[in-house]
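Here's the letter readout for the chains.
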Amino acid sequence: MTATLAPHREPGSPAPASSRRLADRVFRIREFGIVAVLVVFVAVTASIQSRFLSSTNIQFILVDATIFALLALGETIVVISRNVDLSVGSVLGLSAFLTARLASNTHGLPLPLVFLAGIGIGLLCGIVNGLMVTIGRVPSLVVTLATLYIIRGADVLIVGGGQVVPSSYYPSFLTISKATVAGIPDLAIVVAVVIAGGAYWLRTYRSGRELYAIGSNPDAARLAGIPMGRRVFTAFALSGAIAGVAGVLWASRYGTVDSTAGTSYELQVVAAVVVGGVAIFGGSGSVVGAAIGALLLQTINSALYVLGVSPNWDQAIAGFLLILAIVLDRLISLRLTASLRRRSARRGA
Amino acid sequence: MEHDVDAATGNAAMTPEHVPGDGAGRTGGGNGRGGGWGRLRPAMRWETGLVVVVIAIAIMGSSLSPQFLTANNFFNLGLNNGEIAIMALPMALIIISGEIDLSVESTLGMSSAVLGVLWADHWPMLAIFVVVAVVGALAGAINGLLVTRVGLPSLAVTIGTLALYRGIALILLGPRTVANFPTIYTNVGIVAIPHTDLPYSIGIFIVLAVIFAIVLHATPFGRSIYAMGDNAEAAMFAGLRVKRIKTTLFIVSGVASALAGVLFTFRLNTAVQDNGTGLSLDVVAIVLLAGVSIFGGKGSIGGVFLAVLAFAGLQNALLLTNFNQEATGLVTGGLLLVSVFVPNAAMFVRSIRRAVTRMTRRMPSEPALSMPRKDT
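Here the protein sequences line up with chains F and X, keeping their order.
Each residue of the first sequence is one higher than the last, beginning at 1 in the numbering used here.
Each residue of the second sequence is one higher than the last, beginning at 350 in the numbering used here.
Because the hints were derived from the structure by calculation, they are not lab data.
Everything hinted at is true.
To be clear about the criterion: a stretch of chain F counts as covered by chain X if any three or more of its residues have a C-beta under 8 Å from a C-beta of chain X, and this derived list gives those stretches:
# : region
1 : 139 to 146
2 : 270 to 281
3 : 318 to 327
The beta-carbon is built from N, C-alpha and C at its ideal position, and this holds for glycine as well.
Start from the sequences, fold in the hints, and give me the full structure.
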């Protein structure tokens, strides 16, 4: 992490154990910071407008945040490896339309198959991205910028002026996003489990840790013998597949799907990831942080609505928060570098 | 990847097909970029390719529709791409310097909103122009300062300001539409420059392109942009004011986007909050198509000019063939991919050739392939 964010060279490398403990603490503080902002925000909003904490409203926020957090999970995996996937909004749109049409044309199709179709569509897009980045050696920013256009263009050609309307689905498709257990949407529970799984993989498994290594210092990772191409490819494939699933959920949540579904969603996802403390240049951050970042942005949107603030303010506030988040992230990392340097200087003396 | 490239450059100085001096006097970090001819030669080759592409598009367009090569169509073609072209010039400089500015479309939208709001408030037009220019400069300065002084990645910063500036446009205008601009200004969207078939926005683009070309290719300022794109740290140690120059570039980009915003608003005779949405990607696509490296340090204004022609020609040809308007992104994206894959493929082929040469050198038993060399 320090290697990524600090422009200055470390004079001496501190012992790994102490640096990890320090980094751990900062991680914890970082996620704690987002949670604190979230809590304060909810408390203030609820004290002004108690309707905010009504169970219906909470359910709405959770379901929306769930789709958002799922995308943030995929994006985090990619961003940690010092890449970026800007095509998620387009992948979501394509998957949303195709699976919605599937669900409305072929009643009686078991739901898992609809999800499989969504995963397949997303995976295909992710694989194309991954191949171009790893084998084609084109920067991911350029590749996914291009596929953002191309997939959306393909979507428009397929959809034309048409749309799928809620009444055409079989009922069980629409209830995916509405079923609840003890007031909590099923969807939120499932996605929370998925995110926990993702977090566990990134923290614990070798392939997960290697993504951090790649993002932190690609040259060092290569010299250490990490199969960079394979790992980065996997990250893109996962991000695509996740966006595909998110497309199915999107169709279920909003019902009406046309060719504009998910347009410019990618920037919101990147914003959530960055607000969640994931460094845009890779090597640092956690899936849980990104998910909380998504929840925070969604909550803010909802709170503004409940408080009667014009929705015109949403975007400016989101942009401001994003900038604030990266500025804070930068300040924290500078402080961390300084304290590491002091520590190693003390040790040297 | 940097490693392969470095190794390749090291080898290039020794292989006979390379001109001595190309890459020899430089200290790493380069793949034919930086330094005099080493920079210009690949750029020239890229531009030759672009000329071919432009001619191909012209032939394709005229065979698809008899209207393609008419003066009237050229006017429309220019009109639809004037703002993008204007924003592509500073974008090229920014990308050459190793940064990126994704917020241009929102700066355009924000300027359009300011123009609309102030006009609705009955401000005199000249005062509005001044305010809009200042707004554009401020927008650029915020980007530039966050990137250079706070040290944030420009990608993240300008994604943030992309949302922020669009958000400000939204706050200023809301769902309102301002449309009653005076005809003398809205004529930019209808009338050509006297005695030509060029719309005013393209006229402005051409003048700006000349200025940008001179600044980039014939002044120390321009050379320093290449230097910092090649290696920002080395440029800093060489005494270049990297931060100041980059901030300047972002400010120029902001002002150019504000100008584009004014032209956009007058051309459509409407100021709405979503003016220009999605244009940033078009601008970046043009600049990359122009042969500007996304890693910085490489590219030329001539390339940008040709890329604008190619881009506009292609969009226009699609328009004439009744291709679904919304789906033109398919072609833009494809163009973008091609423009980054072609140089990579060339590099790939070159590295294979080099590997073959190296292998044959190790096998002196095959006299037909081994070359007489003094340095091995």
